[in-house]
Amino acid sequence: MDSMKDIEWARINKDVLGSLETPRITFWIVLAVCSVLVLCGVAAEVYQYNNGLGVALMDRPHFWQLYISNFIFWIGMSHSGTLLSAVLLLTKADWRKPIYRFAEAMTLFSILTAAFFPVIHLGRVWNLYWVLPYPDERTIWPNFRSPLLWDASAIFTYATSSALFLYIGMIPDLAICRDNARGWRKALYGVMSLGWMGRAREWIAFRKTYVLMGCFLVPLAVSVHSIVASDFAMSIVPDWHITSFPPYFVAGALYSGCAAIITLFVMLRYIFKFEAYMTIDILEKVAKLTFAIAMVWNYLNLSEYAAIWYSNDMYEHEVLIQKFIGPYWPVVWGMILCSTVAPFAMAFKKFRQNLWAMFFLSLVIQLGMWLERFQIVSPSLASNHEPWTWAVVWPGLVQLTITAASFGWFTMLFLIFCKVFPSVSMYEVKELVFHHRRVSARSELEDLGKEKDATIRAQEGMA
Amino acid sequence: MGLKRMLENWSDFRKDDYYDNEPYMWGMAIDLNKCIGCGACATACYAENNLPVVGKEHYSRGYAMHWMRIERYWDEPDGHADIDIPEKPDTPMDGHAGIPQTDVVSFPERGAHYIPMLCQQCNHAPCEPVCPVAATYHTPDGLNAQVYNRCIGSRYCGNNCPYKVRYFNFFDFWEEGWHGESLPHPLELQLNPDLSVRSKGVMEKCTFCVQRQRAAKDAAEDAGHPNYVEDGSFMTACQQTCPTQAIVFGNMKDPKARVSKLWASHQVELGRTEQDKVSDVRGYRVFGELNVEPCIMYMDRVRNIEV
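First to last, the sequence lines map onto chains A and B.
Taken in order, the first sequence gives residues 2 to 464; the numbers are from the numbering used here.
Taken in order, the second sequence gives residues 321 to 627; the numbers are from the numbering used here.
Keep in mind the hints are simulated off the structure, nothing from the lab.
Do not rely on the hints blindly, as some may be mistaken.
In silico SDA-like pairs for lysine to any residue, Cα to Cα no more than 25 Å straight-line [to be verified]:
hint: 1; chain 1: B; residue 1: K376; chain 2: A; residue 2: V56
hint: 2; chain 1: B; residue 1: K581; chain 2: B; residue 2: K376
hint: 3; chain 1: B; residue 1: K324; chain 2: A; residue 2: Y130
hint: 4; chain 1: B; residue 1: K376; chain 2: A; residue 2: N52
hint: 5; chain 1: A; residue 1: K289; chain 2: A; residue 2: V223
hint: 6; chain 1: A; residue 1: K274; chain 2: A; residue 2: I30
hint: 7; chain 1: B; residue 1: K376; chain 2: A; residue 2: W395
hint: 8; chain 1: B; residue 1: K376; chain 2: A; residue 2: E387
hint: 9; chain 1: A; residue 1: K351; chain 2: A; residue 2: L398
hint: 10; chain 1: B; residue 1: K324; chain 2: A; residue 2: V393
hint: 11; chain 1: B; residue 1: K324; chain 2: A; residue 2: I141
hint: 12; chain 1: B; residue 1: K376; chain 2: A; residue 2: Q49
hint: 13; chain 1: B; residue 1: K573; chain 2: B; residue 2: V622
hint: 14; chain 1: B; residue 1: K324; chain 2: A; residue 2: P143
hint: 15; chain 1: B; residue 1: K376; chain 2: A; residue 2: V393
hint: 16; chain 1: B; residue 1: K376; chain 2: A; residue 2: V394
hint: 17; chain 1: A; residue 1: K420; chain 2: A; residue 2: L32
hint: 18; chain 1: B; residue 1: K376; chain 2: A; residue 2: L398
hint: 19; chain 1: B; residue 1: K324; chain 2: A; residue 2: F145
hint: 20; chain 1: B; residue 1: K576; chain 2: B; residue 2: R532
Derived list of chain A stretches under chain B, where covered just means 3 residues or more per stretch with a C-beta under 8 Å from a C-beta of chain B [what the hints assert, rightly or not]:
hint: 21; segment: 146–156
hint: 22; segment: 167–179
hint: 23; segment: 202–213
hint: 24; segment: 283–297
Bear in mind that the values here come from a model prediction, so they are computed numbers and not experimental data.
Backbone N, C-alpha and C fix where the C-beta goes; we use that ideal spot for every residue, glycine too.
Using the sequences and the hints, build the whole thing.
Listed below in structure tokens is the structure:
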């Protein structure tokens, strides 16, 4: 039986507000590790900034490497937050209510992580703002034909919209926090809750805005990752120039994002003691969703291979064959093992309901999806059109450090968010409980009625 | 201002033959029969264009800045070996020197094919549309120009170039190539004052010696014929240095220019595919099937394999 359905409203407030005060000791350990990782990354970036991009060990055919694959990975991860909160909001799937808040936070912070990578990747970071279409005295505009410019616009739009979506959805909860907090927290929540009093008019406006934002975010999210896919699909590099890349990227994004939601689900449940809210029932539903998306992704992956195989393009053939038997074979086969084979474990109910098994599997899937991004970028460059430049390059220490730091940075932001803001939506969980009560009360009444009828009928029969 | 001008001339911009009325269209023809792979062109390019010498280690990592490079290709061995080459070349250039990474231990006597590879100044350049800041663009005289000052180093152009002839300044080579110092005196005097020394984080590539073109155009203007540079009145550095005169450079809009005659005699034409050519002419353009419209024609090497 789902324990969440019987929670008292007052307890919801108490539990969620308590999560802001007393997390398990693991919280501080993870936070410390993440901060150290971030510091290492900053050191690596300073080193790279001072010496030039050569220290990252990219070279001539490999002009792009881990920075770009990390960029796709993090942008991809942000997509599931939108899926979970906006799509499931519009389709009225109630089980999203206890977990959508942290999924939205995940969206925002993974965009903030992703946004670092094109910057770190640039040869002359200090001129980054030239990518933005701002009016200047030289009347020089950026090149609107370049997918990188679309990227810059898409990231800005997406980051702004998802930050707004997260914030708007949080306002009623911030008001609850304001009413219960002291000290700096009271001031913070007081400003951020915008004077929310819970009047009917406020709720109506709130609901309208929230649903509208949801409607806006769904197509936006799809377009953002399609644009990221255009970075590759618009080029003429063999095995990048593929028409099916945009849907393939979107599916991959949702896939790795759903896996990330499972990881964070288990982490939050443990660290902030949310056992009563993040139930196994919800975990199973997320697992089912992940499984479905995994199948879509696999289908698109296979159709991409098929399209290349039957295309009669010798350059693309070469890259495809080199992917599987060339120097990057561990990456490609690792991806297939982690993202194609492993998710079939989710076909079993027992597995779906096992918390730690799902935690492990979600990490495996994310590893697979990270490898997938790497195998999109590197093997194509390694066997490009020009055989004279063929070379195999593996990422160096600087790139790997910055990659590790990005994971630290994301987790750090995320944990701080969960410590400062309510990571379970209080008002929506209350709605869920209320809804359940009403339904169950009605059915109880109906049962009583039936009993009464039966008794009357029995008495009539006796008569 | 910029926007207004753009709107006024919109129809012009949309035309396919936007640059058709320009007097210049620079092109090249390289005869591979004449190329002996000596590398003089590459050396001349280093001297003319202020290219940094990156040193052995950087070269082996693929950081070399040779705008002009000699690529070497060997035929597949056809049974009998004439020269034995050790299985593992003991140079650190493994994978970058053009030595095929196979188990082939011997090559036929005929030796390598050489092909000088430089920026092909494509008319449908794949590098141009992808630059986010428009640092690379097409000039009216058919050059694929790179504006170093505008470049922010996103390196998308380098990926999208099928010839891989764009070179990125991974380090401040002029600073660090000399053990952390800038050029020791008097070596800085060898730099060409007609063009800049590029700093780290910038993409660079062959310009068809644009500084010499400008000088020649200026001279033509002073001589009273502003839109006509006489064929052969200036040469690119590689052309000037080639001992076998394998490289011919000139204005393809000028029907009397040697390069135009060569292109015509080999039935190579901009905007035309290879398919309707007769088979016994040697001219071809590298990766013509990608439809990037390169401005360099190569003339295939012919060998008498009976000898």
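Outcome of the hint check:
1. K376(B) / V56(A): 16 Å, holds
2. K581(B) / K376(B): 41 Å, violated
3. K324(B) / Y130(A): 23 Å, holds
4. K376(B) / N52(A): At roughly 18 Å apart (the allowed maximum being 25 Å), N52(A) and K376(B) satisfy the hint.
5. K289(A) / V223(A): 21 Å, holds
6. K274(A) / I30(A): 16 Å, holds
7. K376(B) / W395(A): Answer holds: K376(B) to W395(A) is near 20 Å, not above 25 Å.
8. K376(B) / E387(A): Within the cut-off at roughly 23 Å; holds.
9. K351(A) / L398(A): Measuring from Cα to Cα gives roughly 41 Å; hence the hint is violated.
10. K324(B) / V393(A): Roughly 48 Å separates the two Cα atoms, so the pair is violated.
11. K324(B) / I141(A): 13 Å, holds
12. K376(B) / Q49(A): 21 Å, holds
13. K573(B) / V622(B): 29 Å, violated
14. K324(B) / P143(A): 16 Å, holds
15. K376(B) / V393(A): 18 Å, holds
16. K376(B) / V394(A): 17 Å, holds
17. K420(A) / L32(A): Holds - the C-alpha atoms of L32(A) and K420(A) are around 11 Å apart, at most 25 Å.
18. K376(B) / L398(A): Within the cut-off at roughly 21 Å; holds.
19. K324(B) / F145(A): 17 Å, holds
20. K576(B) / R532(B): Cα-Cα ~20 Å, so holds.
21. 146–156: holds (count 6)
22. 167–179: Result for this restraint: violated, n = 0.
23. 202–213: violated (count 0)
24. 283–297: Violated: only 0 residues of the segment 283–297 of chain A have a Cβ under 8 Å from chain B.
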